[in-house]
Structure formats: C-alpha cells, structure tokens
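There are 2 protein chains.
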Amino acid sequence: MAKTKGPRRPKAETPKGFRDYFGSEVTARKAMLDKIAGVYHRYGFDALETSAVETVEALGKFLPDVDRPNEGVFAWEEDSDWLALRYDLTAPLARVAAQYRNDLPTPYRRYAMGPVWRNEKPGPGRFRQFYQCDADTVGAASVAADAEICAMLSDALEAVGIERGDYVIRVNNRKVLNGVLVKVFGFDPSSNNIDDDIAALRTTLEKRDAILRTIDKFDKVGARGVLELLTIGRKDQSGALIDGVGLTDSQAQAVIDFLTCRGANNAITIKRLTESVGESGIGAEGIAELEDIASLLEAQGYGPDRIIIDPTVVRGLGYYTGPVFEAELTFEILDEKGRPRQFGSVAGGGRYDDLVKRFTGQSVPATGVSIGVDRLLAALAAKGRLDTTAQGPVVVTVMDRDRMADYMGMVNDLRAAGIRAEMYLGNPKNFGNQLKYADKRGSPIAIIQGGDEAAKGVVQIKDLILGAKIAQQATVEEWKSQPAQVEVGRDDLVRAVRDILDRHG
Amino acid sequence: MAKTKGPRRPKAETPKGFRDYFGSEVTARKAMLDKIAGVYHRYGFDALETSAVETVEALGKFLPDVDRPNEGVFAWEEDSDWLALRYDLTAPLARVAAQYRNDLPTPYRRYAMGPVWRNEKPGPGRFRQFYQCDADTVGAASVAADAEICAMLSDALEAVGIERGDYVIRVNNRKVLNGVLVKVFGFDPSSNNIDDDIAALRTTLEKRDAILRTIDKFDKVGARGVLELLTIGRKDQSGALIDGVGLTDSQAQAVIDFLTCRGANNAITIKRLTESVGESGIGAEGIAELEDIASLLEAQGYGPDRIIIDPTVVRGLGYYTGPVFEAELTFEILDEKGRPRQFGSVAGGGRYDDLVKRFTGQSVPATGVSIGVDRLLAALAAKGRLDTTAQGPVVVTVMDRDRMADYMGMVNDLRAAGIRAEMYLGNPKNFGNQLKYADKRGSPIAIIQGGDEAAKGVVQIKDLILGAKIAQQATVEEWKSQPAQVEVGRDDLVRAVRDILDRHG
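Line order of the protein sequences matches chains A and B. Under this note's numbering, residues 1359 to 1863 are what the first sequence spells out, in order. Under this note's numbering, residues 1359 to 1863 are what the second sequence spells out, in order.
The set of hints was computed from the structure by calculation and includes no laboratory data. Keep in mind that the hints are not guaranteed to be accurate.
The list treats identical chains as interchangeable, and a pair is accepted whether it falls inside one copy or across any two copies.
Within a straight-line C-alpha distance of at most 20 Å, the following computed EDC-like cross-link-like pairs (lysine to aspartate or glutamate) qualify [to be verified]:
| id | residue 1 | residue 2 |
| --- | --- | --- |
| 1 | K1715 | D1461 |
| 2 | K1369 | E1436 |
| 3 | K1541 | E1383 |
| 4 | K1374 | E1436 |
Isolated chain A, as found in the complex (with noise of 0.2 Å):
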C-alpha cells in the first residue's frame, strides 16, 4: 500500500554561498556605507548607480564563442544577449564611461557603493554576493589624482573607526615592477603590440605569484630557504620535494632585494628601488611618480605614519597600468583557533588607463579604489568597536484584548515623542510569551496595564535592562515587585519612559 503523501514541500535556504544579514548586521554596514559616503561626497565625487546586471560583452571578461560563459560571473542568456550580474563597480564605470562620455563632466569622478556577485566556491567568510564602496576618477593623466585617492581612502578609514597607528596604505606602481621584471627576466612589456605584451606579462606574472607564494613563507623557510624554492627547489620536513619556480641565483637575489627594499622612509626605499630597476625607463618613470604620489600627500600632512610607498604591493588584477595601493590594517585578531593574526588588506585600487579605451578605441586615464566594506566591518566586530547591540522598541504588553485601542494608544503617543515602540500583536494569552518576546528583541521597557491599573488610570514601566536577568521565568506578579518597576499615571507614559532611556544613555 503506498503512503499518502502530500505535496512536495520547496527548501526554506538560501543558495549556496548566499546568505541573510540581519537588525544590526544591516544597520551597522548602513551607517558605514554612509560615513565612507560622506567623505567621498565631500572631495568632489558624485553618486552612480548602475543596475545588478549587464551585458556579458560590457562586463567584457570573457570570450564571446564559448557556450556558456560563466567563468567567475553569474550570466544567462536573454533573447539571444548574455547578462551577467556585475562581478565588481569598475567595469560598469568604465561602460558608463564610454557610453555617456559626451555628457559627463571631464575629469568624471563618482562614488558607487552595492553588492557585487562573484560565481566561485564559496568558503568560510566568503560569500558570492558581497558589497563594494568605490571612488573613480576618470580622465585625470596626473598623479594628483592617485594621490587624491590614497588620501581620501585614509580618511575614510579614519571616519568608520579605525585609528591612525591600525591602518597603514601601501603604495607601489606597476611600472616599478615591470622595470624589476625587465632587469631579472629580460622581458620588455613596452613592445608596440599590447596582445604580445599581455601574453608575455602574463607568463611572468604568473612566475612572479609563484615568486611571491614563496617570499611568504620567508618567516618559516628563512633567507636560504626563499632562495632555493626561488630556484631548484626544496626539501622539506618530510622529505618531499617542494619543486622551484626556476629562477638563476641572481635572478632570485634580484628579487629578494626589490622586494625587500621598503626602508626606514620613503626616501631611502626610493632610493634602493632606483638600483632595483637598473636602467629601465618604465621602472624609472614609474619610481617618479612614487615620489611625486609621496610628496604631495607629505605636504597635505599624509606621512609615513598612514601612507607608505612600499614594493610588496602587487594587486591581483591584471588592468592596472600605474600607482596601486592598498590599505592594511595593522593590528592583531585572533583567527577562530585563537591564533594571533594580521587583519590584512581591506581596501586596494590603482591607476588603468586601459578599461574605457575597450569601448572606444581611445585612451582614457583612470584611477580609484575599491573599499572592501564587509570585511572592514569584520575588522571593526573583532576590534570591538562596532555596536551591534542595536536597541529593541519599548514594547506595550497586551493584558487585556478588549482595549487593543488602549495600548495601540500608548504606542501612540511614545512613537509621536519619537521613541521606538510596538504593541506586542502576538497571541496574548500567555503573558510570559509577552515578557520573552521583550526580551529577545532586546527591549529597555516593557508597559503593562492591567484592568486595575486602567481603572486607576496608571501603567506600569518596567525597566527591562535592570530586570532583564530573571525575565525569562517571571510571572507578573514577580515582575511587578521588582523595583525596576515604577507606577506612573497614563499621561506621564511618555516622561517616565524617557527618563528611563536617558538613564541607560
């Protein structure tokens, strides 16, 4: 005999990789979407706000022959067009850029802040949508304008919370490194055909991330063993072979020493980057800018102590032409096995000078950064700075459903005095379901008004945050002789309730 069923039930979850924010999770990343906001309004940069989705072809990261070209977007055809949500805001900019560019003013710079959608594997902390918060500003050639970027995202930093001495911004130029890269390697990305360049830039990039996986471990493999992962490779403990990126010994040294040359100020880290490029004239076009970026931030008082010139800042991605910069936060969280760890990056950008010229065939100067809001907000949560114990509504206890117009009347009155308030509208037979629907909201007050206490014309206040540790058991009675509770009359609601909130400030 079969078993009855009924209709399948859909799954109550969230796709994999997407999740829920809730009360202060959204309220908390609101109030810093908005303080970032206003220091980029006040440097001049106006709002944009382009949609989720665009055309594959604008996005511009992928092939346009494949069959499915979903490589690290979410995309799907339409009518015959590939859509695909937006992966980050520069892309969209630059299309912006280039479809209005008869319109916008020259230089155009904007602010965007949303969600971003990225199709990869989700992890711990990683999720497929996250929020961006970036500030462009496109057709200004002048380093000014990279200097400009790196200042304000300095103050933004500051104006969500993170203190001067527990961020620090790093700057580099990728013309520096293709300077070193000319010298250790030989190769020249400065040839007339940019395909080639690419393709050849790439191969070394390539080289150069397996080159900086194995500076990482500098602090576990020391001096000696950099070089031989740089090189032939290594043993380690085990006696496996760890194979080396294939670099000659002077090769390596080279690299080490670039990558070392951060010194005690920007003066001396310029002046050992300049024996690092040796003769190439990208790198030292490249080291030039560095000090221009450097003394122009100096003489508006953005020194060394918040922004440094510092040759390990790479960036991942492969359109930056110029200045990059990235901003790390210097101070030590606990990783969730207790370790003592550095926080890292929150924010990067740099200069492209490439990305509107895809549409237009035109060069177009560009800079910006991108603020990486969810993980400063991380930071601010491990630090303790971020409150997120936002403050529930004072709720108005339902003791008897005939005066509904009652209650509804107190809530009334405290929400046209301004204060936060409700109604409980649950089912209020069981008034201590009342007192835990309080408590789980986090309320500060909780109103009761009884028969009694209508026909004597007084409510009674209880303070919620005094009583709050023998709320979940009480019944009334107990509650009404606690001293957090006052009686107060009906039209001294407002005051009283006031009065209470002022005391926890």
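Once you've looked at the hints, dock chain B against the given chain A.
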C-alpha cells in the same frame, strides 16, 4: 584586398530595460529610503537584507519541470540548481520566516529595502530593476497588525513629503469581496480543498477583472453602458460590437452596488457592504475586520482624511487572504501630453496567511506593505517637491602645474572645514575648460591663484552662482573684473568661501 579591421569593440550600453542613476537621482532616493526606514524603525521593525539571488524553488512562482523557468524572472541554472533574481521582497521574507523559524522572535517584524528584478517587456518609465521598500509583520493574526501597517504607511508618506490631503489609504478586505462573489456568482471559496478553491477563484477573479475594466468606463459610457457591458455587450460609436462579460442583469446590478457603496463615512460604507454580501459568512467576517481596523485607526487619529474603507480596492496578487490596502496620491499631475491626470497608486499590501505555509506546512499569519519608491520619487518630482539641484564642489583651479601641492593644500583646508571641494584634475592647459568643468559640476565657487597672487599670498574667489551666466565664454581677465570675484589672503580662504556659501543658503 581585405580591409584591415581592428578588434571588434563591445557596445557601451545598459541591457534593454535597465538604466543608470546619476548624482541627485541616487541621493534623493537614498534620502527617501532613509526617511521611510526611520518610520519603520520607530514602529519597532527590524532591518533584514536577503541576497538578490534565491533558488527558483524558494521563490516559488514556477513549475519545477519546465526547461527554462524564466517567466517573469531572470533565472539561470547553476550546478543543477535553478537560481533567480528576486522579483519582490515578500517571497524572500517567507523563505526567511521558514528557514529561521526557531530563532526569530514571534511576531517577526521586519523591513527591507532594495532592488527587485522583473523579466517583463520594458516600456516608458517601466524598468526591469526597481526599488521596493517593505515592512511586514509575520506571526500576528490580529487585525491590529493590519491597522498598524496602515497607520505606518500614512506616517511614511508624510515623512517623505506627501502632505495630508494629497494621499489617501484605501482599505478593503478580500473576505468581503469573496462574500460578494458568493452572492453574485453563487461561488463559495471556502471548500476544504485549496487547489479547487484557487482554481474556482481564479475563474471568478478573471471575470472580476473584466468587471473592473468595465466599471472603469463608467465616466465614458454611463450607468446604462456599464450595465450593457457587464451583461450582453454593446456597440461602440463605430458600430463595432464589444463583447459583454456575460452577467445576468441582477448580477450586474449587484456588482455595481458593491463597487459604488463607498459612503460619505466608514459607517455608511460598512452598512452598504453588509447589504452587499447578504448571507455570506465569510463576507460578514471580512466586514467585522474592516470595522475593527477603522475603529482602531480612528482612535489613534487616523481618520477618513487619511485612511478610508473603499470596496474598489482589489490588489492584483492572488496570495492575499484578508485586508488589502493601497495608498493613492490624490493630486493631479500633467502626463507626457500635458493632460491632467490622477497620479494613482504608490504603495500597497495586505494580509497573506499562506506564504510561509508553502515551506513548513503550517499556516503563519502575515501582513505587510510595499512602497514603490521610484513612483513616489516621480510623484514628488512632478509636484516640484524634490530638490534635485545638488550642489557641486568648490573647484580649486590649476594655473601653474608646478604648484599642485599648493592647490591641494587649499582643497585640503576646505575639506577639513567640512566644505565639499576638489582640485581640477584634468589637463590644466586650457583655463576656460576648467571654468566649463566647474559650471558642469554646478560648483558654487571657483578658486584661482596665479603666480602674481601666489607671490602676494592671496587667492581670487569667484562666486559662480552669481557669475554663472557669463562663465561659458569668459577669459580669466574678464572673470577677475567681475564684481562677484573677491581677492582675499590665503589664510582667509576658508572663511571667505564659507561666507559666500552661507549667503546662498
């Protein structure tokens, strides 16, 4: 000989039906959302932000066995799951209420604001991405929850600048409509089989839609014409026959009686409604609920000048089960052809007791409202009540490329004083372009310091609001001769700028 072609360039275009929002379009909407969120918060609602992407299964508008379940939404397949962009904020709320049912407070009161996506044919003013701004109470069966939503909607409209008298919130109840349908069609939607009820209701509702479209022609064809159209049809002016809805004369009369029974006050309307539903139990229940809502609201001062019972409110969505409400703006605007017309609906909602049940099998009473923020913005703009003239930054012009640090210093001083300011970052060679830029940005003030001024330690401050009209052609020398231009010491820069800004309010 084949022509040499460059690489094919992508089109710089928004996808069909999507648009970009610039500057004050973004900030005006944000200001409106902030005001509405303030009201929702004061009423005790908590923020919730779900992701843009849901499983098609959770959204629940589609059949699981169709190849491409994309009717109405943007959907795609991802690792054998169908995902889609949310089409409203209610479906994700139902998913959340089911997913976190053991953790959320009961009732769960949440607000949400953000874009939603509809895969519909775009039209003038109709976009595929638009904002909604919702508040819902899940887990409250009492009509006090519905009354509260209506009061909150009223407060929200006034908070964003819709004056009392310029809007009305019309309240009806699906149960009353069902009662009338019982009487008119002899149809009882209270069988024990929901699917049967829904199918029967759908047929009836489709007939009702035809009825409503007919009623809409009252002004044009008169009572007699409407009666003809509801029954056997009629000939229009050209002599062509328009099909009738097929009601009997008495059915048609009952419909007209119901739809026109709104009286001078709620008491009269209630009395007429009671006649309209006849013996129907469900109709009587609906009328009792309307009476409760009206009396609760009137007790708080939300009288018929703001909220009225109106039988013509039906709301399209099939999932409403009780009270439904709609906010309508009552002022006239001019349409694209210059004809005056009513602006119409800007918000709506109602009670939907079965949405969470899809997931859990248990009925969860819920009620809520959705404000169409983009329509509300359009209404305020049409009334001239939206300030879209966002002020541009003070622009510090660049007369001398070698003194960038000096100009940045001025900008820095202004920003430190909280004044929106920027240095001109384009090519400074053509000074006229700098002034055109300031003009295009809506800048109130330009700062000018050439070599002579620098030597004297002064700056020129140009009031662009006064000088706007001649800005386009003026040369530097002409500018300096304008009375709207003042020379002040470099140390007085901030004070002098502040004075001019204050003068313009």
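These are the hints, each one checked on the structure:
1. K1715 with D1461: Answer is within: at 17 Å inside a copy they meet the 20 Å cutoff, but 51 Å across does not.
2. K1369 with E1436: between (27 Å within a copy, 17 Å between copies)
3. K1541 with E1383: Neither, since 49 Å and 51 Å both go past 20 Å.
4. K1374 with E1436: between (24 Å within a copy, 10 Å between copies)
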